[in-house]
Structure formats: C-alpha cells, structure tokens
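Each chain, written out:
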Amino acid sequence: MIQKNRLEGGQIDTATLLKFKFDGKSYVGHEGDTLASALLANGVRLMGRSFKYHRPRGVLSAGSEEPNALVQLRSGARQEPNTRATTAELFDGLVAKSQNRFGSLRFDAMAINDRFSNFLTAGFYYKTFMWPKTFWEKVYEPIIRKAAGLGSLSLLDDPDVYDKGFLYCNLLIIGAGPAGLMAALTAGRSGANVILADEDFTFGGRLNSETFSIGDDSSAVWAAEAVAELSSFPNVRLMVRTTIIGAFDHGIYGAVERVSDHVAIPDAGKPRQIMWRIYTQRTVLAAGAIERPIAFENNDRPGIMLGSAIRTYANRFAVAVDKSVAIFTNNDDGHRTAADLHAKGLKIAAVVDVRANAPLSMDFEVLQGQVINTKGRLGLTFVDVKLSDGTIRTLDIGALGMSGGWNPNVHMTCHQRGRPRWNESLAAFVPGDTLPNGMIVAGAANGDMSTAGALHGGAQAARVVLGLKGSMPKLPTAEDAPIRLTPFWYVEGCSRAWLDQQNDVTVKDVKLSHQEGFRSVEHLKRYTTLGMSTDQGKTSNMGGLAIMAELAGKTIPEVGTTIFRPPYTPTAIGALAGRNRGQDFHPKRLTPSHKWALEQGAVFVEVGNWMRAQWFQKDGETHWRESVDREVLATRSSVGVCDVTTLGKVDVQGMDAANFLNKIYCNGFAKLAVGKTRYGLMLREDGIALDDGTAGRLANDHFIVTTTTANALPVYRHMEFVRQCLFPDMDVQLISTTEAWAQYAIAGPNSRNLLEKIIDQDVSNGAFPFMSCANITICNGLRARLFRISFSGELAFEIAVPTAYGDALIRKIMEAGAEFDVTPYGTEALGVMRIEKGHATGNELNGTTSALNLGMERMVSEAKDSIGSILSRRKGMNRADALFQMGVKPLDLSDDVPAGSHLMNADGPVDAAHDQGYVTSACYSPNLGHAIGLAFIKNGSNRIGEKMRLVSPLTGVDVAVEIVSPHFIDPQGERLRA
Amino acid sequence: MHNLQTITALGGKTPRIDVFDHITIIENDSVALASVTARMGREAGCYKVLQKLLGVVPETGRAVLHNTETGFYMGLDQWMLTAPRVSHELIADQLKKLFGDNASVTEQSGAWVCLDIIGRAMPDMCERLCAVPVRQMVAGDVQRTVIHKMGCFVIRCMANDQLRILGPRSTAATLHHALMTAATSTA
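Which chain is which? The protein sequence lines are A and B, in order.
Just so you know, we're using our numbering here: the first sequence kicks off at 22 and counts up by one.
Just so you know, we're using our numbering here: the second sequence kicks off at 150 and counts up by one.
By construction, these hints were calculated from the structure, which means they are not laboratory data.
Remember, it's a predicted structure, so these values are computed and weren't measured experimentally.
The beta carbon of each residue, even a glycine, is placed where N, CA and C say it ideally should be.
Each hint should be verified, as a subset may be incorrect.
[To be verified] Just some of the chain B residues that point at chain A, by a computed CB distance under 10 Å: (1) Leu153; (2) Ala260; (3) Arg277; (4) Gln285; (5) Met299.
Could you build all of it, start to finish, from the sequences and the hints given here?
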C-alpha cells in the first residue's frame with residue numbers, strides 16, 4: 022500500500038503504520054494523521070456526496086469547520102454518522118464509510134438531482150409541494166424524509182459510556198495556538214489556575230501548519246516547547262481533544278473532551294467522551310480564525326479547498342493534495358501557501374490573484390484574474406482562468422487553493438447575544454464590545470492575524486484579565502506580516518457557484534432569496550438553509566452576507582449576522598446525556614424493607630424514584646389479582662403489614678409550630694393536644710387541594726407532619742416558602758425526616774395483638790385511642806414512634822424506628838405476627854383498601870379538586886385564616902352542581918368499573934356537554950366481590966341510589982352503575998376505633 | 150436492651166469497602182447525626198452551645214472537624230452535628246439536653262449514607278461527580294451539591310486525599326453505583 026501523495030517531513034510518526042478502511046478499501050496512514058490527511062496521502066480526494074444534489078465532494082478544510090468530508094465512522098453499534106474526516110484522528114483498525122449516497126460513492130444514483138437543479142432551488146419545498154393538500158403527509162414528506170439527511174444511525178444502543186464533569190479555574194483559555202499558548206504561559210507562570218483547551222489532538226494551532234520561525238525555532242518546535250513548559254506547571258491543566266462548545270451564564274463553559282475517540286474501543290468502564298462544565302473567573306478566547314473560500318463556477322470539486330488547508334496538509338501532515346496546484350486568492354496569504362508548496366517540491370501552476378497589485382514571485386507564475394470554471398467529474402482536473410486582459414487560460418491541476426481572507430472565530434463571543442463588529446481592513450467581523458462576562462479575546466480571533474500579534478495579544482490578554490503587574494515579558498521574534506487584502510466574494514456571472522457546500526446553497530440561491538423578498542439575514546438563512554448545516558456556516562455565511570449586502574445596496578455590517586448559538590461543533594447526544602440513561606436515568610430510592618421484600622418475592626413498582634412492593638407473590642399465584650385479593654382479605658380478617666416509609670415526613674418544631682400548621686392546613690391544629698394526631702388538608706392559595714396527611718403532636722413545640730408519597734417534595738417546598746416568605750416572624754423550624762425513619766403500617770383486627778408482642782407500652786384502646794401518637798420504645802428499649810392512624814379503615818397503627826433498624830423491625834413484625842398469619846401487603850392492596858374505605862389520594866387530589874369536591878368542605882375552618890381558605894369560598898367553587906366524591910358500583914356485579922370513564926345520565930345523550938363526572942379510582946373489591954370505584958359526580962351527595970351510565974367512547978366502555986356512598990367498608994368507622 | 154440489629158445503608162451487616170489502586174470507597178456506618186437549628190430570638194444561646202461543643206460555630210460552607218465530633222453548616226442558622234454512633238446512639242436526645250429551647254434538634258442518623266473517598270485520585274473522581282471546586286477546597290470546606298440528581302453534602306476532610314459524601318440513605322445504592330463508575334472512569 023503506497024501513499025502516493027505522502028511527502029517528507031511533517032508532524033506524523035512515519036515509523037508507526039496504521040491500517041484503516043474507507044468504503045471497504047484498505048489504506049495505511051501514520052500516527053498524527055487525521056482520516057482526511059491519510060486519505061489524501063493515499064490519493065483519495067472524493068470523500069462524500071453533497072446533501073441535496075449529491076455532487077461529488079472532497080475535503081474543503083483541515084479542521085472542524087469542514088462542510089464536505091463527512092463520513093460514517095466505525096461500524097455496528099459504534100457507527101457514528103456525519104463525522105468530519107478532517108478531525109477524526111486516525112487509529113489502527115479505523116473503519117469509515119462515505120454517506121448520503123445511493124449506490125457507490127463514485128456512482129451515486131441520487132446524483133440525478135443535480136440534473137434537476139433548476140427545479141430544486143431555494144424554497145422549492147414551499148413552492149412545489151403545495152398541492153394536492155393530502156399528498157404532503159402521505160407522499161411528499163415520506164419521500165423527502167427518506168432522501169434527506171446525511172449519515173444514518175445504527176439504531177442500536179450506544180455501547181460506550183459518557184461522563185459529565187465539573188472543573189474550576191481562574192482562567193480558561195480557549196484555543197492553543199500562538200495566542201492561547203502565550204496566554205497560558207503568562208498566566209501559568211503567575212501561578213493562576215489555568216485550563217487550556219483545544220479541539221485538536223496536538224496543541225499549537227496554526228503553528229503546526231506553518232514554516233516560519235518563532236525565535237530560533239520553527240513555529241511547531243516553539244509550540245512543543247511551550248507545551249512542555251506548561252506541562253510542568255501544577256496549576257495548569259492542559260486539555261487536548263477538548264472543544265469548548267458554548268459560553269453560558271456566570272462564567273460557565275461547556276466542553277466536550279474526546280477521551281477515547283482516537284482508539285477503536287474505549288477501555289472497559291472508561292468514557293468515550295466527557296462533557297465538562299467549566300466554571301471560570303476569566304476567559305481568554307484564542308480560537309483563531311477560519312479562512313474563507315471564494316465562490317466561482319463549480320468551485321466544489323474534490324481537490325478544491327482552502328489554501329490554508331492545502332498548506333496544513335503539506336506542512337503538518339506531509340501530504341500533497343496533488344502534485345500540481347494552483348491558488349486563487351485576493352490576499353497575500355494565498356502567496357504564502359504557494360511558496361510553502363513550492364518549497365515542498367510541488368508544481369505551482371499559477372497563483373491567480375484578483376488584485377492588480379499582487380506580489381510577484383521568482384518561483385511561480387502570478388496571474389491577475391479570476392477562476393471562472395473547473396472541470397473533473399469526481400475530482401479536479403482543469404480550471405479556467407479569465408485573465409485581466411480578458412483572455413482565458415486553462416490550468417491542468419489536481420488541487421486548487423482558495424484564499425478569500427480570514428474570518429476571526431467570534432462564535433463564542435456571541436453566545437450571550439453579543440454582536441460582532443465589522444473590521445474594514447480584514448473585511449471580516451471581529452469581536453464586538455459586548456462579550457460574555459470575564460472574556461477577553463486574543464490573537465487571530467481578535468483580528469491580530471500575524472504570529473507576533475497573536476503572541477503579544479495572548480500575553481497581554483492574560484495580564485489584563487489576571488491583573489498582573491510589571492512590564493510585559495519579552496516575547497520571541499515572530500512573523501509579523503501585514504494584512505494586504507482586497508475583498509472579493511464571488512465571481513460574477515456564475516450559475517453554480519457554491520457558498521454553503523454542505524447544504525448546497527449557491528450564489529444564485531441567495532439572489533433568488535433576495536428576489537423573492539427574503540431579505541432579512543434570518544429569513545435568508547431559513548429560506549436557503551445557508552449556514553444551517555452541521556458546520557453552522559463557518560465557511561459559508563460571510564459569502565452569503567456579502568452577496569446580500571450587494572443586492573440590498575447595503576454594507577455587510579448593515580446586513581448583520583445571524584445569531585451564533587452553542588454548540589460550536591456538533592455534539593453527541595450521548596455526551597449530553599452522560600450516565601443518565603437506561604437504569605441510571607434517575608436514582609432509585611429503596612425502602613428500609615427492600616432487602617427483606619426481595620427475599621419475599623415482592624413485585625416492585627416505581628413510585629417517583631421509590632421502589633415500592635406492589636404485591637407479594639406466593640407460590641401458586643399466577644395472576645397479580647390473586648396476590649392482591651389475598652393480601653386484602655388477610656389484612657381485613659387478621660393483620661397485614663405495609664412499608665409506608667415513602668410517605669413524606671416533616672419535622673416541625675418551634676414555639677410557633679402549632680400556629681404554623683394552623684396556617685398551612687385549612688382545618689384547625691392550634692388546639693391539638695400533645696399525643697394526638699389529626700388528619701389535615703392543605704390548600705393552595707387558590708383554594709384547590711394541595712395535599713392531605715396527618716400531623717402528630719409529640720410535644721407543645723414539636724409536630725410530625727406526613728404527606729403523600731408523591732407530594733413529599735412539593736409540600737416540603739411549600740412549607741418552606743410559607744415559613745420563609747409568608748410568616749418569617751414565626752419561630753418554626755422545618756426539616757425533612759422522610760429518610761430518617763422506617764415506618765410500617767400494621768392494619769387489621771389483630772394489629773394490636775401483634776403490636777403488644779413487640780412494643781414496651783400499653784396500646785389498649787383506653788391508653789392509646791384512635792388518632793393517638795407517642796414516642797415509645799420497642800423490643801426492650803429501641804426508640805420508636807407510634808401513630809394510631811388508619812388508611813385502610815381497619816384498626817391500624819403506624820410504627821416508626823430509625824431507618825437502620827427498619828430491616829430488623831419488619832422481620833420482628835413478621836416473627837411476632839406469625840401466630841396471626843400476618844400478611845405483608847403492597848401498594849395494590851393498599852389502594853384497594855383505601856378505595857373500599859373511600860379515602861382520597863393522588864388520583865383525587867389531582868390539582869383540580871377542592872375541599873368541597875372531596876366532601877371535606879366543613880374542614881375549611883372559618884374560625885381562623887389559613888392558606889387557601891378565602892379563595893376556597895369563591896362562588897365558582899361552590900356551585901350547587903359541584904363535583905362531589907362518591908362511590909360507584911356496577912348494576913351487573915360482573916361488570917368492570919374502569920378508572921377514567923365518564924358518568925352520564927342513564928337516559929340522555931352521551932357527549933361532553935352532558936358529562937356528569939368521572940371515575941378517579943377503581944378496583945376489584947375482594948370483600949364485596951365486585952368492582953367498585955370512587956368518582957367525582959355533579960351534585961353527587963344528592964344522587965345516592967341513582968342509576969347512571971359509565972362510558973368511555975374511546976375504549977368502548979358502557980356500563981350501568983349505581984351511585985353509592987364512597988365508604989364501601991365500615992362507613993361508621995367502628996373498626997378503626999376498636 | 151433490645152436485640153434489633155441494624156443494617157448498613159447499602160444493605161449489609163457490615164459496611165462495604167471497595168478498593169481500587171487509586172481510590173478506596175468506604176461505607177462509613179459509624180456516624181450518628183442530628184440537625185440543629187437555632188430558634189428565633191435564641192440564636193445567641195444556640196451559638197454558645199455550638200461553640201462549646203465544636204470550639205467554633207461553623208460558618209457558611211465550613212465544617213469543624215475533630216477526631217470524633219464534627220459539625221457543618223447546612224443552611225441559615227442550621228447545622229448538622231455528627232459523632233460516633235457507638236457513643237451517641239441517642240445523639241438527638243443528648244444534644245437537646247444541651248441546647249434546650251435554644252435550638253430545634255432532629256435525629257438524622259438514619260437519613261443519610263456516609264461514603265468516604267480516600268486516595269490520590271479523589272479530586273479526579275470528585276470532578277466526575279459534582280459541581281464542587283474540590284481542588285480549591287481546604288480541609289473543613291463543605292458544600293451542598295447534587296450528585297446524579299441526589300442532594301448531597303460534600304465535606305473536604307483533614308487528609309488531602311479524603312472526601313466525605315453524605316447522601317440520602319434511600320438512594321445509597323444509586324449513589325454508591327455512581328461512585329463506583331466514577332472510580333472506574335478515573336482509574
């Protein structure tokens with residue numbers, strides 16, 4: 022395998038041979054190569070097809086601004102589309118494929134689009150697919166979707182992992198070219214904590230691409246020595262392969278470090294990439310500049326690229342794009358490229374300069390003129406040059422460098438709505454006055470295009486942002502050539518001169534946009550898709566703006582730019598997700614009895630982040646209903662136990678604790694006696710029910726508030742808001758103790774008998790009546806809390822111990838309750854029993870219901886002020902036909918009562934206008950032997966015994982039901998007071 | 150005396166220890182905790198007791214670290230005090246006697262999992278876990294933060310290579326998993 026275009030020198034390790042494949046064909050390259058440089062070294066110029074017209078394309082650039090050479094990297098689950106060959110670091114075994122083609126890269130069937138280019142101009146979607154209307158969804162859109170896009174996803178799970186991380190520094194330096202390195206040296210020597218990040222895998226930026234000297238060394242050697250010195254500073258963190266993707270508020274920058282992209286497979290457990298959030302006090306943006314192309318007829322053939330890119334490939338990667346090269350330029354930098362290539366032994370067919378005063382050379386011919394056309398189906402073969410005297414000259418070349426001037430990389434300066442300003446001498450935008458806080462710009466990014474200017478700018482920027490005193494350090498001598506440029510954007514009279522090569526936007530498209538009235542730069546962008554591709558128009562936007570300005574008779578700054586937004590370069594979704602995927606998407610909260618429940622064969626359900634036992638499947642039970650029915654019947658007939666740790670618990674202390682609860686609950690708490698618990702209803706400010714629960718008074722100044730599991734956090738947040746903002750003069754202290762206590766509900770007629778075996782106090786009805794609470798001890802001395810409250814409607818207690826003892830307690834309960842056949846029950850049985858009892862929960866407290874709806878209107882005390890009480894008395898919330906929570910049972914007891922179904926009058930239309938209410942909760946009651954439900958029904962309390970229709974037109978439900986009391990079991994409450 | 154046995158936050162009878170070349174993750178099950186919040190108008194009395202207990206009232210973002218007892222700032226006029234569990238099983242009761250009506254004291258021993266990270270890669274690992282400037286922190290610095298969506302306290306211990314993380318006990322397994330993946334990632 023011969024690398025026919027490989028030159029001598031460069032910064033590659035020719036001793037290391039790396040094998041790789043492109044479109045199934047094997048090639049070799051070297052360590053230090055990118056995929057693009059290695060392909061060029063092997064004589065491969067054709068690397069992709071364009072987005073719309075499927076025109077053959079090769080590399081345009083040598084960096085992350087690349088619009089053309091996008092490939093699918095790797096294979097199988099690791100296949101990644103739209104990867105820039107110009108930044109993909111070569112590794113042994115790399116596999117890449119070209120993309121966006123039907124057939125082979127050389128013979129792409131979709132290239133026929135190019136023949137119909139007259140019909141596919143800007144805005145053709147909007148004009149072409151207008152009729153017939155129904156075709157859009159069924160015909161046009163599917164076809165367009167199939168044809169659109171570049172690479173494809175594997176649709177397999179990404180096998181790699183991605184980390185997120187957080188870094189802090191005094192100074193973040195973005196870009197490790199001459200300005201960035203000099204800034205880092207200055208800051209590093211001062212002792213500041215510095216992060217220097219660059220997207221390249223080698224620090225140095227353009228210094229690695231040039232042949233001039235800094236001091237006594239070549240620029241690349243100076244860069245390497247600077248890096249060596251920086252590496253010796255413990256206060257400097259060097260981050261190669263790291264792209265700063267965005268400047269965010271408060272000195273926060275996003276950075277993607279490609280940790281393992283340069284190896285075939287990351288080491289086990291190691292991330293492929295890390296998304297860093299960098300907190301910095303100051304920032305030096307030294308992101309350099311990007312050379313811009315010139316638009317002319319057929320300027321997109323493989324082999325036509327930025328002049329600076331050809332120079333980079335020759336000097337850094339030791340690659341000749343072709344042995345015969347020409348340059349088309351409007352500034353002196355094009356001549357530098359020619360000189361470097363000439364020095365490498367390449368033939369310079371000519372330097373075509375649009376300027377009349379172009380410098381001449383002894384080494385190559387300089388022509389005053391313009392490139393007006395090119396030839397070569399799959400790669401450049403000839404260019405036609407129109408000389409200043411009007412004659413046409415054809416050059417036989419395989420590579421053409423375009424040098425249209427340089428655009429400072431102002432991207433990051435604009436991420437917080439800053440606007441760049443126009444620099445006439447550069448004919449480019451430079452950073453404006455409104456930079457992100459703490460940012461200063463240096464080097465080419467600031468318009469200092471010479472190496473000496475960049476070194477000085479970098480040092481000065483670091484000194485300024487860090488407030489360093491003393492005189493400027495002596496800087497090495499370096500190239501300091503002035504900018505000599507005549508703005509030139511496109512060759513007139515072209516029909517197919519490409520501006521945005523990735524999105525196939527031509528000069529003609531921009532003119533069409535203007536002609537059709539899309540004259541705002543933002544409209545231009547969206548109508549033509551200029552700058553909307555993965556490169557975000559880094560090489561195309563300026564050309565488009567210049568043409569728009571010319572057409573509108575404005576200056577370029579008057580036309581303005583579109584908004585620059587993060588990320589700076591395409592960012593993998595995996596990097597944004599980090600470890601938050603699959604099982605790790607959110608934390609799992611395990612209850613204190615989790616380990617024991619696992620042993621019992623519990624089936625778990627996610628309740629928020631909690632993993633709760635849903636039911637405990639016994640041998641022989643084949644359906645969840647069997648387990649749940651058994652648990653309900655066993656609890657109601659003897660005793661059951663359920664882990665209710667997940668209920669929110671808030672410790673409320675302070676001299677004003679009782680008054681505070683009086684404010685947050687609509688019912689009275691001020692006079693609740695010590696040792697007593699009360700059911701409470703919290704209202705929102707607007708009178709809607711927020712949550713319900715209990716509050717037990719352990720001391721005059723100490724309450725334990727419980728909330729529903731789902732509302733534990735919102736209620737705590739609400740309470741803190743009330744404490745801090747509404748009643749800051751109250752002596753109240755709140756802290757969550759949800760995690761601190763393991764709590765079990767023990768319910769059923771034998772619950773007291775069971776408890777008496779493990780607790781140290783008297784819990785007889787006389788000593789510990791319904792709604793009592795107390796600090797107690799169990800098992801001869803372990804501190805515990807006992808509440809006599811009941812969600813199931815049975816004689817019931819809730820017992821709490823410090824969480825570490827939760828596992829021991831559940832085992833103790835099971836051991837003590839063996840003689841009563843104590844049965845653990847899960848959330849399903851819990852739900853069945855509370856529906857049987859008519860207790861509301863999250864289904865009923867759904868953000869729309871009032872105390873009246875819940876049948877608790879009398880709880881809203883008029884004797885005191887509480888949050889929501891006033892607005893709960895609004896007329897609209899107290900209509901005669903207000904919804905009222907009732908029970909529902911089917912007339913045919915074999916029928917189901919599906920939750921969510923709506924109630925209609927037995928006779929009458931079934932439609933939304935005649936809706937009478939809806940079922941909020943439903944279950945099969947094993948005690949009653951049929952389905953039951955809780956429902957909100959208009960004027961429900963006066964409709965007991967009424968026959969109605971329960972319907973769900975969407976699911977075909979139509980059941981005859983009867984309205985009944987919501988208390989299906991023990992309506993008088995005798996059991997729970999037993 | 151009761152005979153109920155505790156289990157650790159990670160569900161074991163004994164604390165879990167995971168040893169890597171560069172890092173060791175230790176489940177520390179020996180810490181008793183209680184929160185202390187000054188009562189309105191009784192702040193001075195609360196500070197006085199804190200000073201007596203810790204030598205100094207922990208300021209914002211700071212912990213006072215002693216060999217046995219420690220205390221750290223949690224919020225405005227709110228601190229977490231810790232002590233060996235073996236001697237302070239009833240830490241809340243013990244503290245309440247000292248603070249009286251000057252402060253509200255709440256037992257928190259069961260609410261948290263305590264994980265100690267020790268080793269040369271501690272800063273690297275911390276950087277992969279949470280937004281805490283671990284390299285700028287000095288011994289006794291404490292920060293409330295979020296680790297993989299879990300609210301935690303991170304305390305920079307006396308030893309330069311040691312960090313203590315307090316996280317919600319119910320999420321101990323998830324938190325430990327996050328630490329293990331970070332440890333592997335930084336190996």
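Checklist entry - Which earlier hints turn out false for this structure, listed by number in ascending order? => result none
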